[in-house]
Amino acid sequence: MAFITIAPPSQPVTPDTPRAPEPSGVSGQPGLAGPPLRAGMTTADPTNAGRPRTGPAWTLKLRTVPSHVLLIALAVASIFPVYWMFVTAFRPSSGALSVNPLPGPLSLENFQYVLTTIPIAGMLANTFGMSLTLAASQLLVAILASYGFARWDFAGKKALYLLFVGSWLVPFQVTMIPNYLLISQLGLLNTITGVVLPQLCSAFAVMMLRQHLEAFPQDLLDAAQMDGRSSWRSLWEVVVPNLRPALAALGIMLFISAWNEYLWPSLIMQKSDALIQVGIRAFLGAEGNNWGAIMAASSLACLPIFLIYIFLQRYVVDAFIRSGLK
Amino acid sequence: MRPLRSLALTLAAGMAAVALAGCSGTSQASTVAKQIPELSPDQQVNITFESYNLAQAGVWTDTVKGLVADFEKAHPNIHVTSQAPQGGGAVGSNTVSSVQTQLLAGHAPDVAQLTFDSLDFAATQLGAQPISDLVGQKAVDDALGGAHPFHPNAKHLTDWNGKTYGIPYVFSTPVLFYNATKLAEAGVTNPDLSTWDKVEAAAKAVSAKTGKPSLDISCTSIGGNWCMQGMFKSNGAQVLSDDRKTIGFGSDAAVDTVTKLAQLTKDGVLRNADSSAQSEGLAKGDTAFILTTSALQGSFMAAATKGGWDLKAAGMPSFGDKPAVPTNSGSALFVLSQDPAKQRAGWELIKFMTSDHAYEQISTKIGYLPLRTSLTAPGGSLHDWAQKNPLLAPNLAQLDRLQPWVSYPGNSYVQIDDILGKAVENVVYYGKDPKTTMADAQKRAQDLIP
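Line by line, the protein sequences give chains A and B.
So that you can map any letter, position 214 of the first sequence is 214 in this note's numbering, and since no number is skipped, the others follow by simple counting.
So that you can map any letter, position 173 of the second sequence is 173 in this note's numbering, and since no number is skipped, the others follow by simple counting.
No lab work stands behind these hints, which were simulated from the structure alone.
Just so you know, not all the hints are guaranteed correct.
List time: in silico EDC-like cross-link candidates among lysine to aspartate or glutamate, alpha-carbon distance up to 20 Å [said to hold, decoys possible]:
| hint | chain 1 | residue 1 | chain 2 | residue 2 |
| --- | --- | --- | --- | --- |
| 1 | B | Lys432 | B | Asp267 |
| 2 | A | Lys271 | B | Glu72 |
| 3 | B | Lys365 | B | Asp70 |
| 4 | A | Lys271 | B | Asp197 |
| 5 | B | Lys351 | B | Asp141 |
| 6 | B | Lys312 | B | Asp192 |
| 7 | B | Lys260 | B | Asp197 |
| 8 | B | Lys306 | A | Glu109 |
| 9 | B | Lys198 | B | Glu185 |
Only part of the chain B face toward chain A is listed, based on derived beta-carbon distances under 7 Å [claimed, not checked]:
| hint | residue |
| --- | --- |
| 10 | Gly58 |
| 11 | Gln86 |
| 12 | Gly87 |
| 13 | Leu103 |
| 14 | Asn153 |
| 15 | Ala201 |
| 16 | Ala205 |
| 17 | Glu280 |
| 18 | Lys284 |
| 19 | Ser299 |
| 20 | Lys306 |
| 21 | Ser374 |
| 22 | Ala377 |
Ranges of calculated distance between the beta carbons of each label pair, as one might list FRET restraints [unchecked claim]:
| hint | chain 1 | residue 1 | chain 2 | residue 2 | range |
| --- | --- | --- | --- | --- | --- |
| 23 | B | Asp433 | A | Gly104 | 45 to 51 Å |
| 24 | A | Asn100 | B | Gln403 | 54 to 60 Å |
| 25 | A | Gln185 | B | Gly66 | 52 to 58 Å |
| 26 | A | Pro105 | B | Gly285 | 14 to 20 Å |
| 27 | B | Lys198 | A | Asn190 | 53 to 59 Å |
| 28 | B | Ser275 | A | Leu181 | 31 to 37 Å |
| 29 | A | Leu181 | B | Thr81 | 17 to 23 Å |
| 30 | B | Gly162 | A | Asn100 | 57 to 63 Å |
| 31 | B | Glu185 | A | Gln112 | 35 to 41 Å |
| 32 | B | His383 | A | Ser94 | 26 to 32 Å |
| 33 | A | Val82 | B | Asn190 | 43 to 49 Å |
| 34 | B | Ser97 | A | Ala215 | 43 to 49 Å |
| 35 | A | Pro105 | B | Ala139 | 45 to 51 Å |
| 36 | A | Ala73 | B | Lys365 | 34 to 40 Å |
Here a beta-carbon is modelled for each residue, glycine too, at the ideal position from N, C-alpha and C.
Model the full assembly from the supplied sequences, consistent with the hints where possible.
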């Protein structure tokens, strides 16, 4: 539904000023900078009482048609792969190459095959554990680092911050082998610790949180200090509770990106089939891909993310909007 | 462990001394002296075995793990940790990079399954051990022989610089699969598909009926260079000279090969599709012919049964009177360990994984070609299986004409392969000028040869 504001809302209207013709179908209290009004609400305005309203309202609706068509097309294009994943997963394995856009015939064959072929329950649990650890640790580091950046002025602050930003710009492929060698020397190959350790700090999370903390009212911090709170207690008792929505949004995003990790875990967890993304790959082969099984395993791998989305929808949307729509 | 090892070394030294006494030539003496000692029965050894088949769930993983378990039962003192290659990428495409990364970290797998195109790189850069030095040429020959010996053309696929670096493990050859039902609908029955001209005629008939290209050739798209080498050889061209110094993509015979294939596109019979779309094309009934790896036979058979059509197979077509020269895809097993005990244990594993028992399992369960071909002859343990799989016949017959998949020298062998793949695609599918495109590819590839 389109929202229309009165334009210009704050234009002063005096009795001797000829009233500018209003945009048809839109009206409001002249001279009042009020909240945006819905187009439909204008019927209450007595000045418009005698005008036909259906025509212009229709024009307005028509004007929104192209953008709606575009949005619907984009939405379908985004949802279709997910829809197709479920449709293929629920077909019998022999129907994996079917191009019938409608679901069916319904079969659990692919799921049964996946459940008996790879230890998917364990994989999901391990991946969940890894993602949770990663998201929690990245969030903790980000809170401490961004608090430091936002709260104090110190020599080299800008340079240090640039180093953080710079590390975000270094592609993973550059650090992959050195990190692998380090993890190998630490004897942490094939452990989830090995996967988590080099990623404890997310420069992206530090950047995001710093933006939020920069906007945090200094007065609150000063007041906390006057109350006799130490910097440490101010952080946990004043800053963090106030930043809860931002932290929740960021936490969800970190969890989702950790969940989708593939290359690094597959390097470190070579001897074990502990992670779900590695498990899905097992159905891709040199002698043809088992699409039915891939789709079934992927459907199961998507479930935790779907659950997060269903229960924490507001925060998820918030997270992606705050980060500039990734 | 240490006293045991030194005991074994002493024993080996003693055996070597005995062997030396019987030798007259110094060159023989040095070969024998380098050989690794046998393991004593109670000498415990742990080895790592990296196989890309383990990256694929289902029969691939189950069969290899089953064989490793059988091996451990037969050799209670050897413990095998089997693992899939690390990192992303399709199955079989990241075998070398995986070993390379682990090598950097100082723990390369002791035995690895590597594709034939990396033979040169494996021998020169990955530290693959010359097995014929480790255990002696006679032991290698004995292993390749036996009651059901390796096919003669499969024996020497991993020879490099006069030494045997690996034992061929699993491979396939290019086979022309076709949908006989679709051909019959177009009026083509019992087709002779022995030459490209005949294939084109049959494909034209099907295309006329269906109104779309009916032929796929996996050799001409990226990733199909192993069989593109065979196409070149079938037309008298070579990708690399015999002295391994000169690239031959730009030769007249090579240009002629891609020109002929490009004609198939111009005539509307050859479809432009990537490799996975190709194999799904025949399965879905979009196309009627595909020249591709014989390893896809199982998935085509399943699709034919489901779709109710008749799947048939023919050998690789030839260019006119020149005999078709099939090349092999696939992989061999290499010993990468530097430790004599692990090398010996690795050799025992390789012998087991390429034994009659292993091929019985690998062929019946996964469907790969048994390299000990006489197992499929009457009286052999795979005879019944071969009878039930008549599509195997053209594949087996092609082994008699098989030539090895050439590995390029130097560290840039993957780039060279990529340059060739792109050039062939540009000519065959996108109508680029054959002569200049192939000459340019040759020049760029030649610059990468050390």
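Exercise. Of the numbered hints stated previously, which ones are contradicted by the structure, given in increasing order?
Worked result: Violated: hints 4, 13, 14, 15, 16, 21, 22, 24, 25, 35 and 36.
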